[in-house]
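Single-letter residue listing:
There are 2 protein chains.
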Amino acid sequence: MNEDNSIFVGEKPFMNYVTGVVIQFTTQGATEVVVKARGKFISRAVDIVEVVRHRFLQEQVRIKDISISSEEFKNKEGKDVRVSAIDITLEKI
Amino acid sequence: MNEDNSIFVGEKPFMNYVTGVVIQFTTQGATEVVVKARGKFISRAVDIVEVVRHRFLQEQVRIKDISISSEEFKNKEGKDVRVSAIDITLEKI
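Residue numbers (the numbering used here), protein chains in the order written: chain A, 1 to 93; chain B, 1 to 93.
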């Protein structure tokens, strides 16, 4: 699997991401797609995966793995900031 | 494991949930704690788990399992609504 099979969830319209995942599996021939998000977008990533697997690609994809992690960095003021992230890997059945 | 080992994440102050998980493991003797959330609180549940396992109970707990699901129900107007949910199971190392 290469990086092109990752969908990074942000502020775009919800259906953009759903369609993005569906296209990867259907017309791009992907066998795995990773839906990634950080911070407040984590809830959205879960929603997107749930809509893909229950509505658009029912019985065609399943969750292979879910992992969560933390990224630590210094913000503009030099203060340590921690942001959570999620990677949800979907695979073709 | 009984239901008392579940922490359901909502609108209370962030640290209430962190402390809740820590107490389960330390003074209640739990070997597993499940952090649960629905909808927009999913991001928060991930944050709570990350803070517990990286700051408060470092090297003491690990993630055993993460699962996501959907709950469908009718809202007041009789319309079908779907809400995503997450269950993150932490276990003592």
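Among the hints, a few may not be true.
Each pair may be met inside one copy or between any two copies, as identical chains are not told apart.
[Stated by the list, open to error] No farther apart than 27 Å at their CA atoms in a straight line, the calculated lysine-lysine pairs in the DSS-like style are these:
1) K79 <-> K36
2) K64 <-> K79
3) K79 <-> K92
4) K64 <-> K74
5) K92 <-> K76
6) K64 <-> K76
7) K92 <-> K64
8) K12 <-> K40
9) K92 <-> K74
10) K64 <-> K40
By construction, these hints were calculated from the structure, which means they are not laboratory data.
Now the hints, each set against the structure:
1. Taking CA atoms no more than 27 Å apart as the test, K79 paired with K36 passes inside one copy only; the shortest distance there is 25 Å, against 30 Å between copies.
2. Proximity of K64 to K79 under the C-alpha cut-off of 27 Å is found in neither arrangement, the shortest distances being 36 Å within a copy and 31 Å between copies.
3. Taking CA atoms no more than 27 Å apart as the test, K79 paired with K92 passes in neither setting, with 42 Å inside one copy and 31 Å between copies.
4. With identical chains, the CA atoms of K64 and K74 are never at most 27 Å apart, being 33 Å at best within one copy and 30 Å at best between copies.
5. Taking the shortest alpha-carbon separations for K92 and K76, neither the intra-copy value of 42 Å nor the inter-copy value of 36 Å comes in at or below 27 Å.
6. For a Cα distance limit of 27 Å, the shortest separation of K64 from K76 qualifies neither inside one copy, at 37 Å, nor across copies, at 35 Å.
7. With identical chains, the CA atoms of K92 and K64 are at most 27 Å apart both within one copy (9 Å) and between copies (24 Å).
8. For a Cα distance limit of 27 Å, the shortest separation of K12 from K40 qualifies both inside one copy, at 14 Å, and across copies, at 17 Å.
9. Taking the shortest alpha-carbon separations for K92 and K74, neither the intra-copy value of 39 Å nor the inter-copy value of 31 Å comes in at or below 27 Å.
10. For the identical chains of this complex, K64 and K40 are neighbours both inside a copy (23 Å) and across copies (23 Å), given an alpha-carbon limit of 27 Å.
Going down the numbered hints, you'll see the structure goes against 2, 3, 4, 5, 6, 9, while the others check out.
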